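S.K.: Residue numbering for the sequence shown follows this note's numbering, beginning at 7 and increasing consecutively.
Please keep in mind that the hints were generated in silico from the structure rather than gathered at the bench. Honestly, I wouldn't trust all of these hints.
With a straight-line cut-off of 30 angstroms between C-alpha atoms, the simulated DSBU-like cross-links for lysine-lysine are [unchecked claim]: (1) Lys-76 - Lys-17; (2) Lys-147 - Lys-48; (3) Lys-49 - Lys-76; (4) Lys-76 - Lys-48; (5) Lys-174 - Lys-49; (6) Lys-48 - Lys-82; (7) Lys-49 - Lys-82; (8) Lys-147 - Lys-82; (9) Lys-17 - Lys-174.
Restraint ranges, calculated between C-beta atoms of paired labels, are given here [what the hints assert, rightly or not]: (10) Asp-71 - Gly-37: 35 to 41 angstroms; (11) Leu-31 - Tyr-178: 32 to 38 angstroms; (12) Ala-68 - Gly-38: 53 to 59 angstroms; (13) Tyr-152 - Asp-71: 25 to 31 angstroms; (14) Met-110 - Ala-79: 37 to 43 angstroms; (15) Asp-53 - Gly-159: 19 to 25 angstroms; (16) Ser-179 - Gly-144: 44 to 50 angstroms; (17) Lys-49 - Lys-174: 49 to 55 angstroms; (18) Gly-144 - Ala-43: 22 to 28 angstroms.
The model shown is predicted, which means the values in this text are computed figures rather than measured ones. A virtual CB, placed ideally from N, CA and C, is assigned to each residue, including glycine.
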Amino acid sequence: MSDKQARAIPKAMAVGLSFSLVAILFGFVLGGVFGSAESSIKKCLDDAGIAVLESVYEGDVAAKDAVVQKSWAYLKRAHLHGGAIGAAALGCIVALIVVCRRGMLAQLSALAIGSGALIYAVFWLLAGFAAPGMGSTGAAKESLSYMAIPGAGLCILGLCGTLYSVVKECFYSEMVTDE
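Work out the full structure, taking the sequences as your base and the hints as a guide.
M.R.: Put into structure tokens, the structure is as follows:
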């Protein structure tokens with residue numbers, strides 16, 4: 007067996023690893039965009055609320071402003087979740103690669119947590135941009151629950167699978183000694 011074959015990472019783990027890196031990149035890019043265009047983004051959110059001020063907010067500027075302000079918080083949440091959950095996913099996947107035997111559970115856990123990290127971060131971005139036009143951050147979250155629930159669920163399942171795999175490998179597998 008060649009060195010390359012011995013170190014080969016199963017495709018599912020490589021995909022999960024890639025998703026986690028994309029989630030981190032997503033968070034970093036959002037941070038850069040927010041830093042360079044914060045006022046333009048806030049204006050875009052406000053403009054979306056103004057466009058439906060009469061039909062959705064019934065002329066209530068304070069209600070629109072509250073939704074716009076919370077929408078900006080959701081965009082920042084997308085940035086933070088991308089970086090943080092992406093980094094946590096990366097750490098979990100590296101632990102799986104280094105510690106575990108790369109069995110099916112480890113592969114599925116890597117794929118789940120990596121994809122969940124990206125999906126969940128994108129959910130917050132979309133909810134933030136959708137809310138001003140819908141009149142409510144709650145309505146925006148509800149309309150995108152098809153992303154939020156699977157994204158968060160995949161993260162939790164991936165983390166649980168990682169924890170199980172690492173504990174099993176570290177504490178319950180037979181010790182192999184070099185003789």
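S.K.: Among the hints numbered above, which are violated by the structure, and what are their numbers in rising order?
M.R.: 1, 5, 10, 12, 15
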